[in-house]
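Those letters in the sequence shown? Residues 1 to 556, by this note's numbering.
Quick caveat, the hints were computed from the structure, so don't treat them as lab data.
Here a beta-carbon is modelled for each residue, glycine too, at the ideal position from N, C-alpha and C.
Heads up, some of the hints might be wrong.
Said to hold, decoys possible - Here are the simulated lysine to aspartate or glutamate pairs, EDC-like style, with alpha carbons at most 16 Å apart: (1) 342 / 384; (2) 87 / 293; (3) 411 / 433; (4) 35 / 121; (5) 537 / 217; (6) 87 / 425; (7) 35 / 18; (8) 504 / 425; (9) 507 / 446; (10) 321 / 433; (11) 347 / 293; (12) 22 / 425; (13) 21 / 293; (14) 39 / 27.
To be verified - Simulated restraints on C-beta separations: (15) 243 / 431: 42 to 52 Å; (16) 185 / 469: 51 to 61 Å; (17) 155 / 399: 56 to 66 Å.
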Amino acid sequence: MKTDVQIAQEAKMAPIVEVAKKVGLEEDDLELYGKYKAKVSLDVLKRMEDKSNGKLILVTAINPTPAGEGKTTVNIGLSMGLNKIGKTAISALREPSLGPCFGVKGGAAGGGYAQVVPMEDINLHFTGDIHAITTANNLLSALIDNHIHQGNQLNIDPRRITWKRVMDMNDRSLRNIVIGLGGKPNGVPREDGFDITVASEVMAILCLADDLQDLKERIGNIIVAYNYSGEPVYARDLNAAGPLALLLKDAIKPNLVQTLENTPVFIHGGPFANIAHGCNSVLATKMALKLAEYTVTEAGFGADLGAEKFFDIKCRFAGLKPDAAVIVATVRALKNHGGVPKEELNKENLEALKKGFENLEKHIENVQKYGVPAVVAINEFPTDTEAEVEYVKNRCKELGAEAVLTQVWAKGGLGGEELARKVVEVVEGNPSEFIPLYDVNLSVKEKIEKIAKEIYGADGVEFTQKCIKDIKQIEKLGLDKMPICMAKTQYSLSDDPKLLGRPKGFKIEVRQIRISAGAGFLVVLTGDIMTMPGLPKVPAANNMDILSNGEIVGLF
């Protein structure tokens, strides 16, 4: 059986100029990065501002398991399937982070015959967007420490600097560090730390900005520290907005690539979904909506994290109205949620499937809370039995969500045609009545409790003393009317990754709230969630190599 990277290397890619023409883009709209990648000018949005939007389809999933779900694979297969049934469709995806690529996940551009290419470029340095974000973030860090070293006119309290450095790699040893050692010429000693780049507020800002001016204003609103009087110090106080925006002048433009079947794909922006808001850029999504009849986008991890943030943060800020949501599940993953260990998932087990189905049931309910019709995509594995697939289909139908078996991994767009037809049928026959979960004018505690109780199924929320102090500070600054970005484990509906299925009788512990005033939301940290992940015992990097002829192996 061929690996994903072998399939990708055999792909017959079309020149990106030809791919662009399929959706009305001209060569002058493109900034080429070689033959098969391009950035698209933001002038396209201005030119098409009077054109009606196409339909917006969100692809989300159950809580991820080691058994595999294939959310990105289904997203790509659905867009190709829509094109096969005569609809113009574009996928709008996030950029992969190097951290998880070399850590646990490996590559992140789909799988089998539902992939985005050039896969090696996308998974590695691509067009340099994440590097630009890393540099912009760290320029701000350098400006903060230089300001203190040069006399500290803003009276910044070095003990209350909230801005961290970042790098796009999983490196737990950098979570907590001390800088400025070595004497007076080397700056003022203080504690600091690194987050992973995709958790940076700069990444969130890039993905939520409407244009370059909005990007600059949001950067200026970043709170980087507090002074000795307890007042916030903003990036604009350090004259940082201009130079950071300058570093991001190219990164803000959406990237255009293609699927194995030459369907256009925007890959732009990549905030994590467990520690950030988990959606591709607003600009790429809006551009796709102007260019195609159907835009198929995705949000990270399960519907409890990615979809909730897509609905309550991205759609709220961008004025988007999703027309339907596809929830990806596999029989194997549902059995895993039902207590079956990974090595026994190939055996039929209807009892475990019934128990694990409760996880999917909760995600269906969550999507329906927003007034958005749901379709379940059962991503096929060869070991699925007819009885197991029929059980999932019948239970989904009882819950008001049609379920379709998809074979996109093995058959590409052809294996996604049935799902594509079902999505079109649902969109045309069951109009979305989208509404966010909560009113931003609720108190911070009320918003957090609403997400915890209604989306996670928690009995309540426990706020630590540190968190209560954070809330008082947020209210004092008048920033309590912003949406909530929950940082929570992706593996469970709860904040305990070991509680699979649909846990009951639990509470969510909130230990800290960080203000992302530039992005426009509050980051709520729960459980043991880390903003700088670590590598596993056997990193994916250990199996990667490049041969003497330039062939890449082991990327996925």
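Against the structure, the hints:
{"no.": "1", "hint": "342 / 384", "in the structure": "holds (14 Å)"}
{"no.": "2", "hint": "87 / 293", "in the structure": "holds (6 Å)"}
{"no.": "3", "hint": "411 / 433", "in the structure": "violated (34 Å)"}
{"no.": "4", "hint": "35 / 121", "in the structure": "holds (12 Å)"}
{"no.": "5", "hint": "537 / 217", "in the structure": "violated (42 Å)"}
{"no.": "6", "hint": "87 / 425", "in the structure": "holds (13 Å)"}
{"no.": "7", "hint": "35 / 18", "in the structure": "holds (10 Å)"}
{"no.": "8", "hint": "504 / 425", "in the structure": "violated (35 Å)"}
{"no.": "9", "hint": "507 / 446", "in the structure": "holds (15 Å)"}
{"no.": "10", "hint": "321 / 433", "in the structure": "holds (8 Å)"}
{"no.": "11", "hint": "347 / 293", "in the structure": "violated (41 Å)"}
{"no.": "12", "hint": "22 / 425", "in the structure": "violated (24 Å)"}
{"no.": "13", "hint": "21 / 293", "in the structure": "holds (15 Å)"}
{"no.": "14", "hint": "39 / 27", "in the structure": "holds (11 Å)"}
{"no.": "15", "hint": "243 / 431: 42 to 52 Å", "in the structure": "holds (46 Å)"}
{"no.": "16", "hint": "185 / 469: 51 to 61 Å", "in the structure": "violated (36 Å)"}
{"no.": "17", "hint": "155 / 399: 56 to 66 Å", "in the structure": "holds (57 Å)"}
Hint compliance for this structure: hints 3, 5, 8, 11, 12 and 16 are not met, and every other hint is.
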